[in-house]
Amino acid sequence: MNNFTPFSALLGGIIIGLSVVFYFYSTGRLAGISGIFENAMTGTSKRLSNLAFLLGLVIGPLIYFNFIASTPVAFNITHSYLLIIPGGFLVGFGTRLGGGCTSGHGICGIGRLSVNSIIATGIFVAVGMVTVTILQQFGVYL
Amino acid sequence: MNDKSISLLCGIIFGIGLVISGMTNPEKVIGFLSITHNWDASLIFVMGGAIITAGPFFYFFRNKEFSALGDKINLPAKQNIDKKLILGSSLFGVGWGLVGLCPGPAISALATFDPITLVFLLSMAAGVLVKKNTIK
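Protein chains in written order, with the numbering used here: chain R, 19 to 160; chain D, 629 to 764.
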């Protein structure tokens, strides 16, 4: 575990948790990003608010990169379209079919002690681990 | 503040949290999913930190009927665990494992200006639209 960064992970998680709480308290909605993404594209109510949240998700990192970070922030991603295109499609399709993603099920749902969300999170984490392990058997790392 | 400006502010705070947590970097997420090889447990601390922060507030607000802005609160109703939840979460898990991006970090990753993130997002949007137009 030579890349383990528990302190920044915990700090980032607490900040995300505060955003989730403030969003829920103010608007009454859960900060599940896949749902916000769908509403921003096809929703009939609060569409601009959902778009504003997504815009914030891009602005936040830009603020961090330019005014807060003292060193460049790492970003390493595969550039294989064979992974990117099916990966993106399955993330979009799967999160909407399953009713949530890492934020909606993983944070809001577990935070509310929803049994469905605990099971959903267990499934996508386990399947993600199996997927990565299989890819590694074929020599695909990252 | 109105709904739009609060949503924007919450998105900004969420995005800053994501970057600080390291989860906008697919390498960190793949490191967590890589359970048999050089495992990186950081993601547990991100989710744990967020859940421990938000959980008590959700409990405290559990009987709230209206938000601070005055909207009726409609939380997801208790549902049976069905095929959609299991199949959907499984497919999401495959996609997550292929690239190391879930919806939040996928959007925040636009801030890196790497064009590949746009390809991922367009594919994700296609997945959302196909689901919406094929399954109730």
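Be aware that one or more of the hints could be misleading.
What the hints assert, rightly or not - What follows is a list of derived Cβ distance ranges for each label pair:
#1 D:Gly698 <-> R:Thr151: 34 to 42 Å
#2 D:Ile709 <-> R:Pro90: 24 to 32 Å
#3 R:Pro90 <-> D:Ile663: 35 to 43 Å
#4 D:Ile709 <-> R:Thr151: 22 to 30 Å
#5 D:Leu697 <-> R:Pro104: 38 to 46 Å
#6 R:Ile136 <-> D:Phe689: 35 to 43 Å
#7 R:Ile136 <-> D:Asn630: 31 to 39 Å
#8 D:Gly698 <-> R:Ile136: 28 to 36 Å
As the list claims (entries may be wrong) - Restricting the straight-line Cα-Cα distance to at most 30 Å, the calculated cross-link-like pairs of lysine-lysine (DSS-like) are:
#9 R:Lys64 <-> D:Lys764
#10 D:Lys760 <-> R:Lys64
#11 D:Lys712 <-> D:Lys760
#12 D:Lys711 <-> D:Lys632
#13 D:Lys632 <-> R:Lys64
#14 D:Lys712 <-> R:Lys64
#15 D:Lys706 <-> R:Lys64
#16 R:Lys64 <-> D:Lys692
#17 D:Lys700 <-> R:Lys64
In short, the hints are calculated from the structure, not lab data.
Just so it is clear, CB atoms sit at the ideal spot from N, CA and C, and this is done for glycine as well.
Need the list of violated hint numbers for this structure, in ascending order. Violated hints: 1, 2, 3, 6, 12; rest satisfied.
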